[in-house]
Amino acid sequence: MATIEAAGTVALHRPAKRSELMLQRLAAARWFLLPMLAALMLVAGWPLMRSIWFSFTDAKLNTLYSAEWIGFGNYLRWQTLSSGAIRWRGVLADPDWWNAVWNTMRFAAVSVSLEAVLGMLVALVLNAEFKGRGLVRAAILIPWAIPTIVSAKMWQWMLNDQFGIINDVLIRLGLISQKIAWTASADTAMTAVLIVDIWKTTPFMALLILAGLQMIPRDIYEAAKVDGIHPVKVFFRVTLPLVRPALMVAIIFRVLDAMRIFDLIYVLTPNSKATKTMSVLAQENLFQFDNFAEGSTQSTLLFVIILVLTTLYIWLGKVNFDGEAK
Amino acid sequence: MNAWAITKRAAFYLAVLVIIFVSVFPFYYAILTSFKSGTDLFRVSYWPESFSLDNYISVLSVGSFPRNLLNSIFIASVTVLLALFLAITASFALARVRFRGRGLILMTILAVSMFPQIAVLAGLFELIRFLGIYNTPWALIFSYTIFTLPFTVWVLTTFMRDLPIEIEEAAIVDGATPWIIITKVFLPLMWPALVTTGLLAFIGAWNEFLFALTFTVSNETRTVPVAIALLSGGSQFEIPWGAIMAASVIVTVPLVILVLVFQRKIISGLTAGGVKG
Numbered sequence: 001m002a003t004i005e006a007a008g009t010v011a012l013h014r015p016a017k018r019s020e021l022m023l024q025r026l027a028a029a030r031w032f033l034l035p036m037l038a039a040l041m042l043v044a045g046w047p048l049m050r051s052i053w054f055s056f057t058d059a060k061l062n063t064l065y066s067a068e069w070i071g072f073g074n075y076l077r078w079q080t081l082s083s084g085a086i087r088w089r090g091v092l093a094d095p096d097w098w099n100a101v102w103n104t105m106r107f108a109a110v111s112v113s114l115e116a117v118l119g120m121l122v123a124l125v126l127n128a129e130f131k132g133r134g135l136v137r138a139a140i141l142i143p144w145a146i147p148t149i150v151s152a153k154m155w156q157w158m159l160n161d162q163f164g165i166i167n168d169v170l171i172r173l174g175l176i177s178q179k180i181a182w183t184a185s186a187d188t189a190m191t192a193v194l195i196v197d198i199w200k201t202t203p204f205m206a207l208l209i210l211a212g213l214q215m216i217p218r219d220i221y222e223a224a225k226v227d228g229i230h231p232v233k234v235f236f237r238v239t240l241p242l243v244r245p246a247l248m249v250a251i252i253f254r255v256l257d258a259m260r261i262f263d264l265i266y267v268l269t270p271n272s273k274a275t276k277t278m279s280v281l282a283q284e285n286l287f288q289f290d291n292f293a294e295g296s297t298q299s300t301l302l303f304v305i306i307l308v309l310t311t312l313y314i315w316l317g318k319v320n321f322d323g324e325a326k
Numbered sequence: 327m328n329a330w331a332i333t334k335r336a337a338f339y340l341a342v343l344v345i346i347f348v349s350v351f352p353f354y355y356a357i358l359t360s361f362k363s364g365t366d367l368f369r370v371s372y373w374p375e376s377f378s379l380d381n382y383i384s385v386l387s388v389g390s391f392p393r394n395l396l397n398s399i400f401i402a403s404v405t406v407l408l409a410l411f412l413a414i415t416a417s418f419a420l421a422r423v424r425f426r427g428r429g430l431i432l433m434t435i436l437a438v439s440m441f442p443q444i445a446v447l448a449g450l451f452e453l454i455r456f457l458g459i460y461n462t463p464w465a466l467i468f469s470y471t472i473f474t475l476p477f478t479v480w481v482l483t484t485f486m487r488d489l490p491i492e493i494e495e496a497a498i499v500d501g502a503t504p505w506i507i508i509t510k511v512f513l514p515l516m517w518p519a520l521v522t523t524g525l526l527a528f529i530g531a532w533n534e535f536l537f538a539l540t541f542t543v544s545n546e547t548r549t550v551p552v553a554i555a556l557l558s559g560g561s562q563f564e565i566p567w568g569a570i571m572a573a574s575v576i577v578t579v580p581l582v583i584l585v586l587v588f589q590r591k592i593i594s595g596l597t598a599g600g601v602k603g
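So the protein lines, in turn, are chains D and Y. Residues in the first sequence are numbered consecutively from 1, following the numbering used here. Residues in the second sequence are numbered consecutively from 327, following the numbering used here.
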């Protein structure tokens, strides 16, 4: 998935002689790529640079064009009070920011690890041959197909403290004695977000892992069965090592996705400090609290964090974009 | 069959049932709720007991929801067509021509699709204001290109790479230029891939929330996800759950049908692109 192989390119049989044909293809390739690269520059490259620039200015929502460069002040600055004490200011000294960082990290770590385990279980079930396999596959595509906002609203209704079905079931089963305000209470808000996210994204994880599982030749399992090896041992010694590349790619994709989560949290638990992530905090500062420069700073910091993670992944995973992953 | 084997089978089918139940139940419950009205809404029920179309009628006749639906359809369709148009030629170059810097371009494309959208929000806002398209559908079509384009290029490159080389060689021998090869030779073979990629990109654009929330401000220009998120009743404490569920069902049913019809293609597209919807 993270590899695009060179196979399939027309191999010219006399590479020494740069034939007219090859030059023509190279020229065409250049023209074919130009519109796409220009579009990406316009919608991604330029706005990214402007966002980073805003983080070094005193911009407000209404004064974007008269914003002035103030250096690293939005990140960290200090004031010396008349008493001689030093007061730190800026995003890096802001407890709200570190709270958002902690929420994002916690959310990403817990959701992705649970999704990986559950996704693996679902993938193992789907990899077995049984009647009704198509039905299961169709069923797990439903959470994936439902828009995030819609699933947030659906679950918000199911998790409603007064009229929600979840509290009703839990009370009937005698698991809780009092109705829980799942999305409103600070203790359970993160749990609620995790439930919805896991419900919605486990299918994606399962399908990616399933693709990896289906690459494993069946005769390996036959051989293990003939040798009388315990299935659990087969899983840890054979299946897991062989499916690891697919699993790692799925996990990386999900981690990067979880780090930027916005919509689910914005809708399911509005204004809850217990779930506010970096993206939510930055968006609010940019467009609701008129702290444009501060919001830009926070979005730039999130960008840097994700950039570092991606670089680590490409470097550690030794993904080679011109050949197989090694 | 001995007892152990039967237990194992039973446990397996129990797992299957749990998976199906958990996947489907929330959607089932949303449909159930959407057909309740008045005080029925506030009585928990597990089976369909009442049937009323009030919520659907109110959502489709009062307010701007029909308009929001049209907005979403228009924006998602144009975004997808634009992305496919730009991606077809680009992916030919990336899949079929060997040139220096190809790896770098592919890496950039992957990096852009991994981007946190919030990182470009401030700059995009400025650009959209500058272009004078703030609070119009074009603002969203413009900004959605940031995730539909890298995705379509990436998936189409994977598909195009797998087309047999003999076809292309034969076309070259016949004197076809790269443009002819794309339009006359590859395009007819690519329809299934285009449909799959287009559908996945459509779902992405249909579901997008952050840009839609930020770049539109009036009821008439909003898309469906923002409209549903902001649906409110007469007062702040009176959330119209019935209407919200009816709206949710209206926007989800077409998607679920599409996804179930194109099941196999979607799964192959997903595994090729590694995206979340």
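Heads up, some of the hints might be wrong.
[Stated by the list, open to error] Partner residues are not named here, just some residues of chain Y that face chain D (Cβ under 10 Å, in silico):
| # | residue |
| --- | --- |
| 1 | 373 |
| 2 | 416 |
| 3 | 431 |
| 4 | 471 |
| 5 | 510 |
| 6 | 511 |
| 7 | 532 |
Worth flagging that the hints you see were computed from the coordinates, not collected in a lab. The structure presented is a predicted model; accordingly, all values stated were derived computationally and were not measured. Even for Gly, the Cβ is constructed at its ideal location relative to N, Cα and C.
- Interface hint outcome for residue 511 of chain Y [beta carbon to chain D under 10 Å]: With Cβ-Cβ at 13 Å, over 10 Å, it is violated.
- Hint validity - residue 532 of chain Y Cβ closer than 10 Å to any chain D Cβ: Holds, because the Cβ-Cβ distance from residue 532 of chain Y to chain D comes to roughly 7 Å (cut-off 10 Å).
- Task: Let me know if the C-beta of residue 373 of chain Y comes in closer than 10 Å to any C-beta of chain D, holds or violated.
- Result: Result: violated, 12 Å to nearest chain D Cβ.
- Task: May I ask you to test the interface hint for residue 471 of chain Y with respect to chain D, counting a Cβ-Cβ separation under 10 Å as satisfied?
- Result: 5 Å, holds
- Measuring from the C-beta of residue 510 of chain Y to each C-beta in chain D, is the shortest one below 10 Å? The hint is violated - residue 510 of chain Y has no Cβ within 10 Å of chain D, the shortest such distance being about 14 Å.
- Message: Please check whether residue 431 of chain Y passes as an interface residue: C-beta within 10 Å of a C-beta belonging to chain D.
- Response: Since the shortest Cβ distance to chain D is 7 Å, the answer is holds.
- Message: Is the interface hint satisfied for residue 416 of chain Y? The criterion is a beta-carbon contact with chain D at less than 10 Å.
- Response: 4 Å, holds
In terms of the numbered hints stated before, the structure departs from hints 1, 5 and 6, listed from lowest to highest.
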